[in-house]
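Protein chains in written order, with the numbering used here: chain A, 216 to 437; chain B, 216 to 437; chain C, 443 to 673; chain D, 443 to 673.
Bear in mind the hints are in silico, worked out from the structure with no lab data behind them.
Owing to the predicted nature of the structure, the values given are computational and were not obtained by experimental measurement.
Check before you lean on any hint, since a few could be wrong.
Stated by the list, open to error - Listed next, the in silico DSS-like pairs over lysine-lysine satisfying Cα-Cα at most 27 angstroms (straight line): (1) LYS577(C) with LYS577(D); (2) LYS361(B) with LYS516(D); (3) LYS361(B) with LYS372(B); (4) LYS577(C) with LYS361(B); (5) LYS594(D) with LYS516(D); (6) LYS361(A) with LYS577(D); (7) LYS294(A) with LYS516(D); (8) LYS577(C) with LYS294(B); (9) LYS594(C) with LYS361(A).
As the list claims (entries may be wrong) - Computed list of chain C residues with no C-beta within reach of chain D, every gap over 10 angstroms: (10) LEU449; (11) LEU533; (12) GLY570; (13) LYS615; (14) SER636; (15) GLU640.
All residues carry an ideal CB built from backbone N, CA and C; glycine is no exception.
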Amino acid sequence: MTVEHADRGPLTMDELARVIARDIPAGSYVNLGIGQPTRIADHLTADQEVVLHTENGMLGMGPAAHGDDVDPDLTNAGKAPVTELPGASYFHHADSFAMMRGGHLDVCVLGAYQVAGNGDLANWHTGREEDIPAVGGAMDLAIGAKDVFVMMTLFGKDGSPKLVPSCTYPLTGVGCVSRVYTDHGVFEVGPGREAATVLATYGLTLADLAARLSLPLSAADR
Amino acid sequence: MTVEHADRGPLTMDELARVIARDIPAGSYVNLGIGQPTRIADHLTADQEVVLHTENGMLGMGPAAHGDDVDPDLTNAGKAPVTELPGASYFHHADSFAMMRGGHLDVCVLGAYQVAGNGDLANWHTGREEDIPAVGGAMDLAIGAKDVFVMMTLFGKDGSPKLVPSCTYPLTGVGCVSRVYTDHGVFEVGPGREAATVLATYGLTLADLAARLSLPLSAADR
Amino acid sequence: MARTAVLDTVDEAVAGIEDGSTVLVGGFGLAGMPFDLIDALIRQGARDLTIVSNNAGNGDVGLAALLQAGRVRKVLCSFPRQSDSYVFDGLYRSGEIELEVVPQGNLAERMRAAGAGIGAFFCPTAVGTPLAEGKETRVIDGREYVLEYPIKGDYALISAHTADRLGNVVYRKTARNFGPVMAAAATTTIVQVSNVVETGTLDPEAVVTPSIYVDRVVAVEQRHYTVQGAR
Amino acid sequence: MARTAVLDTVDEAVAGIEDGSTVLVGGFGLAGMPFDLIDALIRQGARDLTIVSNNAGNGDVGLAALLQAGRVRKVLCSFPRQSDSYVFDGLYRSGEIELEVVPQGNLAERMRAAGAGIGAFFCPTAVGTPLAEGKETRVIDGREYVLEYPIKGDYALISAHTADRLGNVVYRKTARNFGPVMAAAATTTIVQVSNVVETGTLDPEAVVTPSIYVDRVVAVEQRHYTVQGAR
Numbered sequence: 216m217t218v219e220h221a222d223r224g225p226l227t228m229d230e231l232a233r234v235i236a237r238d239i240p241a242g243s244y245v246n247l248g249i250g251q252p253t254r255i256a257d258h259l260t261a262d263q264e265v266v267l268h269t270e271n272g273m274l275g276m277g278p279a280a281h282g283d284d285v286d287p288d289l290t291n292a293g294k295a296p297v298t299e300l301p302g303a304s305y306f307h308h309a310d311s312f313a314m315m316r317g318g319h320l321d322v323c324v325l326g327a328y329q330v331a332g333n334g335d336l337a338n339w340h341t342g343r344e345e346d347i348p349a350v351g352g353a354m355d356l357a358i359g360a361k362d363v364f365v366m367m368t369l370f371g372k373d374g375s376p377k378l379v380p381s382c383t384y385p386l387t388g389v390g391c392v393s394r395v396y397t398d399h400g401v402f403e404v405g406p407g408r409e410a411a412t413v414l415a416t417y418g419l420t421l422a423d424l425a426a427r428l429s430l431p432l433s434a435a436d437r
Numbered sequence: 216m217t218v219e220h221a222d223r224g225p226l227t228m229d230e231l232a233r234v235i236a237r238d239i240p241a242g243s244y245v246n247l248g249i250g251q252p253t254r255i256a257d258h259l260t261a262d263q264e265v266v267l268h269t270e271n272g273m274l275g276m277g278p279a280a281h282g283d284d285v286d287p288d289l290t291n292a293g294k295a296p297v298t299e300l301p302g303a304s305y306f307h308h309a310d311s312f313a314m315m316r317g318g319h320l321d322v323c324v325l326g327a328y329q330v331a332g333n334g335d336l337a338n339w340h341t342g343r344e345e346d347i348p349a350v351g352g353a354m355d356l357a358i359g360a361k362d363v364f365v366m367m368t369l370f371g372k373d374g375s376p377k378l379v380p381s382c383t384y385p386l387t388g389v390g391c392v393s394r395v396y397t398d399h400g401v402f403e404v405g406p407g408r409e410a411a412t413v414l415a416t417y418g419l420t421l422a423d424l425a426a427r428l429s430l431p432l433s434a435a436d437r
Numbered sequence: 443m444a445r446t447a448v449l450d451t452v453d454e455a456v457a458g459i460e461d462g463s464t465v466l467v468g469g470f471g472l473a474g475m476p477f478d479l480i481d482a483l484i485r486q487g488a489r490d491l492t493i494v495s496n497n498a499g500n501g502d503v504g505l506a507a508l509l510q511a512g513r514v515r516k517v518l519c520s521f522p523r524q525s526d527s528y529v530f531d532g533l534y535r536s537g538e539i540e541l542e543v544v545p546q547g548n549l550a551e552r553m554r555a556a557g558a559g560i561g562a563f564f565c566p567t568a569v570g571t572p573l574a575e576g577k578e579t580r581v582i583d584g585r586e587y588v589l590e591y592p593i594k595g596d597y598a599l600i601s602a603h604t605a606d607r608l609g610n611v612v613y614r615k616t617a618r619n620f621g622p623v624m625a626a627a628a629t630t631t632i633v634q635v636s637n638v639v640e641t642g643t644l645d646p647e648a649v650v651t652p653s654i655y656v657d658r659v660v661a662v663e664q665r666h667y668t669v670q671g672a673r
Numbered sequence: 443m444a445r446t447a448v449l450d451t452v453d454e455a456v457a458g459i460e461d462g463s464t465v466l467v468g469g470f471g472l473a474g475m476p477f478d479l480i481d482a483l484i485r486q487g488a489r490d491l492t493i494v495s496n497n498a499g500n501g502d503v504g505l506a507a508l509l510q511a512g513r514v515r516k517v518l519c520s521f522p523r524q525s526d527s528y529v530f531d532g533l534y535r536s537g538e539i540e541l542e543v544v545p546q547g548n549l550a551e552r553m554r555a556a557g558a559g560i561g562a563f564f565c566p567t568a569v570g571t572p573l574a575e576g577k578e579t580r581v582i583d584g585r586e587y588v589l590e591y592p593i594k595g596d597y598a599l600i601s602a603h604t605a606d607r608l609g610n611v612v613y614r615k616t617a618r619n620f621g622p623v624m625a626a627a628a629t630t631t632i633v634q635v636s637n638v639v640e641t642g643t644l645d646p647e648a649v650v651t652p653s654i655y656v657d658r659v660v661a662v663e664q665r666h667y668t669v670q671g672a673r
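Construct the entire structure; sequences and hints are all you get.
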């Protein structure tokens with residue numbers, strides 16, 4: 216059963232972060248991509264005992280650093296100052312990306328320009344000639360966790376859906392996304408599916424979503 | 216000019232170890248293979264500042280440990296107890312062999328069954344059907360230093376030469392040896408040479424060696 | 443990986459190891475050999491195992507005892523033949539055990555590749571030798587390489603010095619050897635340590651195996667053994 | 443490598459860097475950026491350089507200043523475009539600099555391969571994306587991989603925390619980033635540190651870059667800079 220929350224508006228990014236935080240299994244090792252996914256950290260509870268990885272070389276990353284706690288040698292992947300939790304460890308870049316590429320992280324949450332029903336992800340390049348390409352760790356992250364979640368608005372500023380039958384932007388990874396969290400609904404996607412499964416809707420009904428998205432949707436089984 | 220020491224007997228293994236120790240450039244990072252090459256450590260002088268690598272995961276290995284200094288967690292590649300010098304560091308096996316394979320060691324000294332004039336090395340397997348094969352780090356060491364020296368007796372117990380035109384024993388590495396130190400002489404070998412260059416003889420003349428070895432020899436230029 | 447379990451007994455630590463598993467066993471000779479976990483594995487009873495380890499057992503303890511108990515189908519190692527490897531020698535000569543000899547650095551790098559998600563790699567070791575026979579080779583930038591594939595483990599049994607309750611691990615001296623590589627290369631990594639300390643006690647700069655690679659930790663009494671030969 | 447030289451000035455430390463060299467430059471944003479060595483390299487005057495670094499400079503300091511001085515022919519990096527990368531942006535748009543974008547993990551692993559003597563490796567990153575176009579691919583065990591080649595440096599410029607006189611190096615927190623990988627991937631590795639201590643002072647278990655990888659060390663005054671933007 217898809218849970219339809221049609222009696223309210225879409226989720227704010229903060230509410231969405233809380234929804235994702237709740238879905239992260241206790242004890243997970245998690246990488247939160249730069250931008251919106253960073254907010255999820257604020258909603259993880261202590262008894263979830265989630266350990267955060269930052270790909271510039273750390274496990275056990277703590278909250279953002281402020282004031283005197285700012286240490287120029289301690290930043291996250293977005294280059295913002297952060298803190299260290301008990302049980303943290305540091306390692307170099309090759310070890311850090313081996314950790315991701317080797318499939319040791321449980322969950323990675325990324326932003327996206329587009330996600331396709333087959334799990335294809337586009338989040339690194341607009342494809343516009345005039346933009347300087349810059350990929351960072353996006354492609355490594357995309358293939359580097361047991362579950363790759365996307366956190367994004369469901370529609371772009373021009374109203375066009377970002378969950379699509381097939382990505383038109385340059386790909387970051389093929390068939391790598393398992394779940395898409397958006398302000399208007401939560402979807403399961405991935406290779407070999409005939410339809411994206413809608414787990415929940417916000418501010419719209421399942422029927423509304425089916426009308427506005429051009430990829431096949433199905434209701435959740437349970 | 217080949218230095219001929221025909222007025223004395225062949226070198227003892229201990230004398231040979233001293234000859235090799237003297238030829239190791241100051242400041243070198245060196246791996247001494249198990250067996251005879253281990254003796255070389257006793258002849259390195261403090262002002263040579265040679266740093267010893269042991270492939271089980273250490274730089275800065277010190278002399279053999281005795282009595283109360285024996286620590287079961289601190290052994291060399293031959294599994295014998297050793298000590299730690301100031302400036303030592305420990306690392307895991309993949310890092311240790313990356314250090315070798317990446318060409319960072321200056322010198323490695325190995326024992327051998329046979330060395331060929333082209334630098335081929337055979338030191339891991341007799342080739343006898345009934346022998347259980349065991350290679351350890353031999354093949355990694357053979358290709359893993361800027362200079363690979365061999366330390367061996369020039370003749371086997373049956374009198375047959377171990378410096379040969381072409382190895383008949385199973386190979387450890389191809390064209391990898393640059394210098395062969397033996398009780399009867401020191402030789403430069405390697406790929407593309409027409410003859411092994413004789414740097415020194417002990418207990419025999421260059422002419423004696425030429426008569427007893429079946430590979431082409433040449434006198435040293437200087 | 444989920445939270446590391448800190449267990450009370452080595453028997454709990456090796457619970458569930460299935461027949462037919464590939465088990466990576468740490469240690470170089472006796473240094474870093476997880477004796478207590480191996481003894482527990484013998485009691486546990488799993489058979490038809492493939493063992494990946496540098497050696498094939500010393501004397502009649504540790505790996506040698508596991509072999510003697512008839513639980514091992516195949517050994518991948520670099521150096522089976524030692525002065526005191528009589529258990530392995532006997533099984534091998536009577537055809538009761540399979541052997542794949544892997545150069546020591548390839549053993550390490552192939553497990554490193556498994557842990558790092560590398561599909562295969564071109565390696566200069568063993569080029570032109572019997573251990574490269576039948577393998578794909580390629581000349582890159584004028585040098586010849588052999589293509590080598592990852593070695594993954596279902597389980598890793600490792601001996602280390604200290605773990606914190608989160609599962610971060612540090613080793614002692616050359617007993618570190620294969621531990622960190624095997625921890626990353628196995629689906630389930632089981633570590634015996636001399637001490638379990640509170641999380642936050644280990645220096646984050648000096649953690650060698652981060653907790654993400656460690657599934658089960660168990661403290662054992664420090665074992666005194668002589669360095670060469672049996673304990 | 444031969445003995446590590448402990449030098450008095452950054453100018454001595456960068457002496458001899460030839461025109462046309464490939465220089466690996468440590469740092470992730472400003473953390474671990476070897477500002478003093480880069481400033482010395484600008485004074486030293488080498489040109490036509492290929493720079494390998496995660497970013498392509500921030501503000502008008504460090505790497506950005508080197509770019510602005512017109513010394514760089516090509517940049518290999520994962521993330522050139524940042525809020526304050528205007529120097530690079532201008533040079534790139536006017537066609538005065540070449541760019542090769544490499545995924546961050548591939549940048550690290552390709553340098554790791556160079557240091558470890560690996561000829562090439564099959565990597566799952568970037569499969570099916572524009573950054574894999576034209577590259578050799580292979581399916582191994584049901585998964586597709588792209589063949590990636592090592593990135594070697596003629597020189598590495600690294601910022602670290604402490605070195606001993608033998609050349610062993612430790613880092614601080616996430617400023618470690620590319621340092622250890624670059625140290626092993628370059629023919630000549632030059633490290634600026636805040637402190638040089640006597641040999642035997644560093645904990646052998648906690649040395650991150652062993653002295654074998656370090657050719658020149660120079661102590662610099664700790665620089666105070668704000669974390670985001672210019673110092």
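Which numbered hints fail: 2, 3, 8, 13
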